[in-house]
Amino acid sequence: MINAKQFTEQIAQQCEPLYQLTENNVKLYWANRPSKEDTIDYFGRRMINERINCIELSRRVSEMGNDVGPEEMFLISKQAHDEAKHFWFVKDILTDLMGQEPDVDAVHEAIKQKQLRGEAIALPAELLAKFECTEDPIALAVYQYIAEGMAHRNWVAQAECAPTAMIAEKYAEIAKDEKFHSQIGRMQIEKLVVDQATLAHATELAQEVIELIWGFGRSDKERCIKAHIPLSALN
Numbered sequence: 267m268i269n270a271k272q273f274t275e276q277i278a279q280q281c282e283p284l285y286q287l288t289e290n291n292v293k294l295y296w297a298n299r300p301s302k303e304d305t306i307d308y309f310g311r312r313m314i315n316e317r318i319n320c321i322e323l324s325r326r327v328s329e330m331g332n333d334v335g336p337e338e339m340f341l342i343s344k345q346a347h348d349e350a351k352h353f354w355f356v357k358d359i360l361t362d363l364m365g366q367e368p369d370v371d372a373v374h375e376a377i378k379q380k381q382l383r384g385e386a387i388a389l390p391a392e393l394l395a396k397f398e399c400t401e402d403p404i405a406l407a408v409y410q411y412i413a414e415g416m417a418h419r420n421w422v423a424q425a426e427c428a429p430t431a432m433i434a435e436k437y438a439e440i441a442k443d444e445k446f447h448s449q450i451g452r453m454q455i456e457k458l459v460v461d462q463a464t465l466a467h468a469t470e471l472a473q474e475v476i477e478l479i480w481g482f483g484r485s486d487k488e489r490c491i492k493a494h495i496p497l498s499a500l501n
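Residue numbers for the sequence shown follow the numbering used here, beginning at 267 and rising by one.
Worth double-checking, as some hints may not be accurate.
[Claimed, not checked] Pairwise CB distance ranges (calculated):
| # | residue 1 | residue 2 | range |
| --- | --- | --- | --- |
| 1 | TRP480 | GLN366 | 34 to 40 Å |
| 2 | VAL460 | GLN286 | 28 to 34 Å |
| 3 | VAL334 | LYS293 | 21 to 27 Å |
| 4 | GLN279 | HIS467 | 29 to 35 Å |
| 5 | GLN286 | GLN449 | 40 to 46 Å |
[What the hints assert, rightly or not] SDA-like, lysine to any residue: derived pairs with alpha carbons at most 25 Å apart:
| # | residue 1 | residue 2 |
| --- | --- | --- |
| 6 | LYS302 | LYS344 |
| 7 | LYS442 | TRP354 |
| 8 | LYS442 | LYS378 |
These are calculated hints, taken from the structure and not from any lab test.
Note that beta-carbon positions come from the ideal geometry of N, C-alpha and C, so glycine has one too.
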């Protein structure tokens, strides 16, 4: 049996081609000079995604048992706080693009209607609920390690390629936060994966998360490149 540290190193190696692809997808998105309408649509998805991340992580904190230590509670609470900040940042970007504050309810409802019509794929943050991250600390740690690690790489690229100083500055800070969130996931995996059973569970979850992300791209590559989702939109 490999140990938890070896497991996280193995996952990092497995994710590297995916991370490189999504970084390139970010660069391609901005190189293609998306229209203002496409850009507003993209940041609308990003805004709602950040909000869902905050809600799901806050739910995890609210349901922690008395056996959860203060360090874990602090780290997850810190990430929930960061996700609220990211929601705020992206809402500010949308306000700047639109010339007025976006109606968050209307944006979310429009996304849900597109999903029902098959015109939009799931928001990445919805994976938190899919994998029962509120109840399963290993699932949350695996999601954090893989998805937030990719988000860090994506948003570094976005900060470098963004068409405005406002987007670049805000995404440089978001990228820094995402790196920390991925490190939380790694630390939790190395704490929670202690035997063959927990290793098997973490391995199964990691493979499913990775396969889902790859599957998003394989199912509609052209739309992913044009709309910058979801390959470069996990956070």
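State the violated hints by number, sorted upward, taking the hints as numbered earlier in the document.
3, 4, 5, 6, 8
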